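Student: Residues per chain, in single letters:
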Amino acid sequence: MWQYEKKLQYPVKIANPNPTLAKVIISQLGGPDGELGASMRYLNQRYSAPCREVQAILSDIGTEELAHMEMISAILYQLTRDLSVKEIKEAGFDAYFVDHTTGIYPQAASGVPFTAAYFQSKGDPITDLHEDLAAEQKARTTYDNLLRLIDDPDVRDPIKFLREREIVHYQRFGEGLAMVQEMLDSKNFYAFNPSFDK
Amino acid sequence: MSDGKMKLLKKIQAESFAVVEANLYLDTHPTCKDGLEYFRRHKELCEKLKKEYEEKYGPLTAAASESTKKWEWVTEPFPWELDANKGGNN
Numbered sequence: 046m047w048q049y050e051k052k053l054q055y056p057v058k059i060a061n062p063n064p065t066l067a068k069v070i071i072s073q074l075g076g077p078d079g080e081l082g083a084s085m086r087y088l089n090q091r092y093s094a095p096c097r098e099v100q101a102i103l104s105d106i107g108t109e110e111l112a113h114m115e116m117i118s119a120i121l122y123q124l125t126r127d128l129s130v131k132e133i134k135e136a137g138f139d140a141y142f143v144d145h146t147t148g149i150y151p152q153a154a155s156g157v158p159f160t161a162a163y164f165q166s167k168g169d170p171i172t173d174l175h176e177d178l179a180a181e182q183k184a185r186t187t188y189d190n191l192l193r194l195i196d197d198p199d200v201r202d203p204i205k206f207l208r209e210r211e212i213v214h215y216q217r218f219g220e221g222l223a224m225v226q227e228m229l230d231s232k233n234f235y236a237f238n239p240s241f242d243k
Numbered sequence: 016m017s018d019g020k021m022k023l024l025k026k027i028q029a030e031s032f033a034v035v036e037a038n039l040y041l042d043t044h045p046t047c048k049d050g051l052e053y054f055r056r057h058k059e060l061c062e063k064l065k066k067e068y069e070e071k072y073g074p075l076t077a078a079a080s081e082s083t084k085k086w087e088w089v090t091e092p093f094p095w096e097l098d099a100n101k102g103g104n105n
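Listed in order, the protein sequences are those of chains V and C. For the first sequence, position 23 matches number 68 in the numbering used here, and the numbering has no gaps at all. For the second sequence, position 57 matches number 72 in the numbering used here, and the numbering has no gaps at all.
Do not rely on the hints blindly, as some may be mistaken.
Each computed BS3-like pair below joins lysine-lysine, with the alpha-carbon atoms no more than 30 Å apart [what the hints assert, rightly or not]:
#1 V/Lys243 to V/Lys167
#2 C/Lys84 to C/Lys71
#3 C/Lys101 to V/Lys167
#4 C/Lys26 to V/Lys51
#5 V/Lys52 to C/Lys101
#6 C/Lys48 to C/Lys26
#7 C/Lys101 to C/Lys20
#8 V/Lys243 to C/Lys20
#9 V/Lys51 to C/Lys101
#10 C/Lys63 to V/Lys167
#11 V/Lys205 to C/Lys65
#12 V/Lys52 to C/Lys48
#13 C/Lys48 to C/Lys85
The hints are simulated quantities; they were obtained by calculation from the structure and are not laboratory data. Computed from a predicted structure; not experimentally measured.
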């Protein structure tokens, strides 16, 4: 089971609200390569992981992704505080505002709501770990793109932290994949599915 | 899973459920003296039982892996395994 700690993994302290930035950063909450999808991907995949090490890495990274969702939400919350209707209109934040006011809702920058179709749980650890490696790289590219769009150092700082975590997770999933391959037939990794063909 | 381990785990599950229930109640009744006392009593018991369990059978949280020889987090089964839920005569 889970226990909540009343602290962010890394501090978020944004002096100046800026709804224009919130409109793009929201993709890392509920977009195709966002933190919600990442967490759900790993926490659902872990049941068919074939060894404790991979069960542990999926549980622990899946849990850390929940903390990243919270950091992205804190960034969105601080970027959209104390807004006037004039500021909302000028930033083009009105399309989001009409449906959610300044509440936090998981959607992509395009406005598409979060969907479980963003991730897979295939029940085959080779397949799942390859998806996980790709997912971390896709999230890293998204953070790189966000850093191209953001000048405010208060916003860049936590985004840079999150970008670095994608790289560490990629490394750990690579080690998990090597561990699974070690359990398999080295002449044909696909001869059987260790999570099904016991 | 051994009977002793399962029995202790069931006690922890009961005590930590009491703590969760008191937690929710206190969120909306933060000055209730009876509630605060109930929370404290069950939290103390729960912590004592968890300490005993972790000393005997291994960590309940990754951070409680204390061995200097092996990362104990990966030596015991995860809780969705049938083996992690058997024993102790219910």
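Student: So, for every hint listed, does it hold in this structure?
Tutor: The hints, checked one at a time:
no.	hint	in the structure
1	V/Lys243 to V/Lys167	16 Å, holds
2	C/Lys84 to C/Lys71	16 Å, holds
3	C/Lys101 to V/Lys167	28 Å, holds
4	C/Lys26 to V/Lys51	27 Å, holds
5	V/Lys52 to C/Lys101	36 Å, violated
6	C/Lys48 to C/Lys26	25 Å, holds
7	C/Lys101 to C/Lys20	10 Å, holds
8	V/Lys243 to C/Lys20	28 Å, holds
9	V/Lys51 to C/Lys101	34 Å, violated
10	C/Lys63 to V/Lys167	41 Å, violated
11	V/Lys205 to C/Lys65	37 Å, violated
12	V/Lys52 to C/Lys48	27 Å, holds
13	C/Lys48 to C/Lys85	44 Å, violated
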